[in-house]
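A.B. asks: Chain Y: place on chain H using the hints.
The listed protein sequences derive, respectively, from chains H and Y.
Under the working numbering, the first residue of the first sequence is numbered 1, with each subsequent residue one higher.
Under the working numbering, the first residue of the second sequence is numbered 1, with each subsequent residue one higher.
Simulated from the structure, these hints should not be mistaken for lab results.
Small disclaimer: the values here were computed from a predicted structure and weren't measured.
Hints may contain errors.
Straight-line C-alpha distance at most 27 angstroms; calculated BS3-like pairs for lysine-lysine [to be verified]:
#	chain 1	residue 1	chain 2	residue 2
1	Y	LYS246	Y	LYS107
2	Y	LYS176	Y	LYS160
3	Y	LYS208	Y	LYS176
4	Y	LYS246	H	LYS107
5	H	LYS198	Y	LYS75
6	Y	LYS237	H	LYS198
7	Y	LYS163	Y	LYS214
8	Y	LYS160	Y	LYS107
9	H	LYS6	H	LYS155
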Amino acid sequence: MDINMKVNIAGVELKNPVMTASGTFGSGMEYSELTDLNALGAVVTKGVAAVPWTGNPVPRTAETPSGMLNAIGLQNPGIDTFLERDLPFLRQFDTKIIVNVCGHSVKEYCEVCERLADSDADLLEINISCPNVQQGGIAFGQQPKEAEKITREVKRVARQPVIMKLSPNVTDITEIARACEAGGADALSLINTITGMKIDVGRRTFALANRTGGLSGPAIHPVAVRMVWQTAQAVSLPLIGMGGTASWEDAAELILAGATGVAVGTATFRDPQCGQKIAEGLEQYLRDQGIGDIRDLIGAVR
Amino acid sequence: MTDKWMETAQVESCREIAPGIFDLVLRTENIAEAAKPGQFVSVYSGDSARLLPRPISVCGTDGKLLRLVFRTVGKGTAEFSRKRPGESLQVLGPLGSGYPLEAADGKQIVLTGGGIGIPPLLYAARRLRERKDAGDGPLEIRAVLGYRDGNAFLADEFAKYAKVSIASEDGSLGTKGNVINAMEAEGISPDVFFACGPAPMLRALKEKAAAEEKECWLSLEERMACGVGACLSCVCKTTAEDAHSKVNNTRVCREGPVFAAEDVII
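If we strip away everything but chain H, and leave its shape as in the complex, we get (with noise of 0.2 angstroms):
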């Protein structure tokens, strides 16, 4: 039987719906040792900004029961380091590049925005969701007005198709999925990281030096599950699942709830094939259930 596991997003063909979530696989040129990249339908970078960011203090992650906290405040390098030696390593593998981008001010975001219109970035995934940073980040993604006037700036300046990343730190995630809607948003990626805090018991104090950090991994999922088949509900635009995505059952989830990609995160700090894992799970999920196009699975659950 033959299995179609390609997805379109946002007018993107990728040749499975499995991608990196960003944050957890930098640009990846780490993982490439451990890992075949050519086997993911997409690798989604680290955020990048338009200048070199430092992040926050150590320690910046905290183990939880089946998740982790991280407060790394998005270092990165910026975006010159990020087009002259990133790029150009993801480019020779064959996956789509998704850039992660972030920024403190509507121009930062648009300025990274601008610097990628002529590279190699196939999509763009516009960070309004980080936890970790005081300016910008998760301001953008709790106000639907804030939401929608980003939407609206990235759209006029961006070349690539643009995908809106949502925080689930929000009463009502829909509100801010129809507002990116209506600023123009070509996909929405969620979930982000749920803020959480861990205290140190044997040293009294917090766990993380930025107190307060973003939870991740398998015990975010069913929140993930829950959101993605909100929003597919609520907006007509493709989406990307993730959130404690650690096997093909998790990703079958969040495509079967409304998702048309999926991204894998923590679960790569467990099993660095985790995401090759994943997409071949989903090709034989597919086999077992004699369904032959992974299309037919995006939001068959209503």
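C.D. replies: Then chain Y, alone, in the frame of chain H:
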């Protein structure tokens, strides 16, 4: 960067060599043969609820056998300590940079270890001694080891490769106090230091080495997640711009864990 492997390693033996300190030997396919002194491995819990690997330094190798000596600090390391021959553990490695053994050629070197920072130096001691015996290594190898109490784990093994001095916090063995106290008491003043241990020890040694204008290499510890340089959890401030992010924040797991003391701000 060196090759690294994700392997299901077989447990050969696991025994407690001091209270809470375990000596675990694993049979690996490639990791042991590739591992250099100062490198570490990521060890994964069998319980997926503990999803992050535990970074553990390499204490020694023997062909395909990889020796890890670690302290139990939580549920993950407690799980490893209960492993018995015939069981297996998922291991990724070898990871990170190692000690630059050639930096000690023709010189006097002191391996300075504190507590659970001692094990990686045993492997360095052995390799340095092999270089010395081959005629191109250090002139003299000494080890100054700091313990909490009289449980001087691994000290007897160091004696095969180096002249050993001991410090203990409670004074039950060697000089009462820390490794710096022991060096002062015995008038130890080498050309090069290799060190691993708690942050206050490393800070004191860095200061001493700078004051005496001695070469000093420190192995640092930081909370890690991926262990391979992708997540940027385990950074350390550097005096110069780092190659990866250009922000004077380098990755302990990849560019480190061993750094020249003057390059890092600790």
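A.B. asks: Can the restraint linking LYS160/Y and LYS107/Y be considered satisfied, given a maximum Cα separation of 27 angstroms?
C.D. replies: Given pair LYS160/Y, LYS107/Y holds - Cα atoms ~19 angstroms apart, limit 27 angstroms.
A.B. asks: Does LYS107/H lie within 27 angstroms of LYS246/Y when you go C-alpha to C-alpha?
C.D. replies: Holds. LYS246/Y to LYS107/H sits at ~22 angstroms (cutoff 27 angstroms).
A.B. asks: Given the hint that LYS237/Y pairs with LYS198/H, does the C-alpha gap stay at or below 27 angstroms?
C.D. replies: holds (24 angstroms)
A.B. asks: With a cut-off of 27 angstroms on the C-alpha distance, tell me whether LYS246/Y and LYS107/Y pass.
C.D. replies: violated (34 angstroms)
A.B. asks: For LYS6/H and LYS155/H, compute the direct alpha-carbon distance and say whether it is at most 27 angstroms.
C.D. replies: Holds. LYS6/H to LYS155/H sits at ~26 angstroms (cutoff 27 angstroms).
A.B. asks: Holds or violated: LYS176/Y with LYS160/Y, Cα cutoff 27 angstroms?
C.D. replies: Between LYS176/Y and LYS160/Y the Cα gap is close to 24 angstroms, so the pair holds against 27 angstroms.
A.B. asks: Has the given pair, LYS208/Y with LYS176/Y, been kept, meaning a C-alpha gap of at most 27 angstroms?
C.D. replies: Between LYS208/Y and LYS176/Y the Cα gap is close to 19 angstroms, so the pair holds against 27 angstroms.
A.B. asks: Within 27 angstroms, alpha carbon to alpha carbon, are LYS163/Y and LYS214/Y?
C.D. replies: holds (19 angstroms)
A.B. asks: For the pair supplied as a hint, LYS198/H and LYS75/Y, confirm whether the alpha-carbon distance does not exceed 27 angstroms.
C.D. replies: holds (16 angstroms)
Hint 1 alone, counting from the list given before, is not met by this structure.
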